[in-house]
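There are 2 protein chains.
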Amino acid sequence: MQISEKITDIREIRSQLKEPVGFVPTMGYLHEGHLALVRQAREENESVVVSIFVNPTQFGPREDFRNYPRDTERDLAMLEPLTDVVLLPSPEEIYPEDFDTWVLPGDITERLEGAARPGHFRGVATVVIKLFNIVRPTRAYFGQKDAQQLAVVKKIAADLDMNLQIIACPTLREPDGLAMSSRNSLLTKEQRQEAAVLYRSLARAQELWTRGEKNAGTIRLEMTELIEREPSADISYISIAHPETLKEMLHRVKPPALVSLAVKFGRTRLIDNIVLE
Amino acid sequence: MQISEKITDIREIRSQLKEPVGFVPTMGYLHEGHLALVRQAREENESVVVSIFVNPTQFGPREDFRNYPRDTERDLAMLEPLTDVVLLPSPEEIYPEDFDTWVLPGDITERLEGAARPGHFRGVATVVIKLFNIVRPTRAYFGQKDAQQLAVVKKIAADLDMNLQIIACPTLREPDGLAMSSRNSLLTKEQRQEAAVLYRSLARAQELWTRGEKNAGTIRLEMTELIEREPSADISYISIAHPETLKEMLHRVKPPALVSLAVKFGRTRLIDNIVLE
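Chains A and L are the protein sequences, given in the same order. Residues in the first sequence are numbered consecutively from 454, following the working numbering. Residues in the second sequence are numbered consecutively from 454, following the working numbering.
Simulated from the structure, these hints should not be mistaken for laboratory data. Incorrect hints may have been included.
Copies of the same chain are indistinguishable here, so a pair counts whether it falls within one copy or spans any two.
Claimed, not checked - Here are the simulated DMTMM-like cross-link-like pairs (lysine to aspartate or glutamate), alpha carbons at most 20 Å apart as the crow flies:
| no. | residue 1 | residue 2 |
| --- | --- | --- |
| 1 | LYS459 | ASP614 |
| 2 | LYS700 | ASP551 |
| 3 | LYS717 | GLU516 |
| 4 | LYS471 | GLU499 |
| 5 | LYS607 | GLU550 |
| 6 | LYS607 | GLU546 |
| 7 | LYS700 | ASP553 |
Working from the sequences, and respecting the hints, build out all of it.
This is the structure we're talking about:
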């Protein structure tokens, strides 16, 4: 496994990789969810590149950039059996002092995470396009857990004519249903127990839908009531929307429908989603 | 010479071109200035791709998009001896109905043309990144005449880690010094004669600089007075600035200094520049 901190080095290493190349961009502090992406990249490509970069431009000024969990040594040990190249750039390597060009996705970022986190998807879009240009992958792998991020990445790659495939991978869950996330490590023991309500509320939505409930308002209300029973849960949003445009379904649910939510437990904000087919 | 209107076709054709590939993006209505770019691309590369696309997103709502001169048949005849592939996409091919992602250059676009034409460089940057992603050239050729465009393209290519070289080519001029431009065809006979003052004013700046004049205000003033003698000339700006950052030199001229100007003759707006070394 080669480890590269410089863009010029990665270009050199990249040019010698066997095609096709699978790429998994991450912010590190890896868990089984990331490894599932890397394993899928391994199965579908001759070469696998993983980046570990906690991207400062996708965090708001009051968000947890400094606090975001990091453990590079452990990450590298986990990647070793599966990965050909790890890209480990510094913030200064990706954003030199005079950096001043942004990739701006449009309407799709004005809802959900984009509404709650102004500038977040500008940072995501910019770093993703930069990493794609550096790595030039055949396929790039993203988790379905970050559903809006996935929709944004697909949109910007299509709109800017990036020549690669975006592959969506299913969300991995803990035994109680909590979606795997690096941020779970920031929860207290009590918050961690309460956080299982996210998946329970999504499972409830699925159950209602399967039973024939088509009223988006009814489904949202049942989810809200379930989550509000947990003392420290603070709902940011509960949404039922089209999975690509993210346009909210205000009344009737029309499949496929992305049911997504963001809930804060103390200072830690968690997201999760399912798709009703 | 192959002519391609579809992105999927150009990708297919591109994959069979011999490396290195030189690319000249144009808005058509070609003149000797464009052909000089194409000739240089021909000399420096195994394959040459030219695009003809009048990019709607770089024109303001009150600008001359509809009025912009077009003559594709003549363009193709001029390119035939020099070019392997001409990319001739429709606006709908480049901007499908749901297109909604923009490349936004920063501070560098707030001056000169960017200040006079809000949104212009957002359109330029977006189409250039799209064309680069479609054509994947080794080198791309731009005229020094559009000095700020050149600076913007260099900046976005560097900031977004595009893996190609941006080559600047000198401005070609008519016998009286007027910089070649497709927009010259829109001038009346009187305006065309008056327009020669642009180059005379730039030559005057060069002369003053060579003689030891270091006061930017003095140089700007002499240029202004010269241009104002022409009855229909309407100055948009006269600037002495750093060629890369475009930061204005308010007092002392420090080489290299880009002397650039925009002047309207009736409804036609012309630009030109020289660099003081």
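Hints and how they fare:
1. LYS459 <-> ASP614: between (26 Å within a copy, 12 Å between copies)
2. LYS700 <-> ASP551: Result: close only across copies, 13 Å inter versus 36 Å intra.
3. LYS717 <-> GLU516: within (12 Å within a copy, 48 Å between copies)
4. LYS471 <-> GLU499: Classified as within; 6 Å inside a copy, 25 Å across copies.
5. LYS607 <-> GLU550: This pair counts as between: shortest inter-copy Cα distance 16 Å, intra-copy 29 Å.
6. LYS607 <-> GLU546: Only across copies: LYS607 and GLU546 sit 18 Å apart there, 25 Å inside one copy, limit 20 Å.
7. LYS700 <-> ASP553: between (31 Å within a copy, 14 Å between copies)
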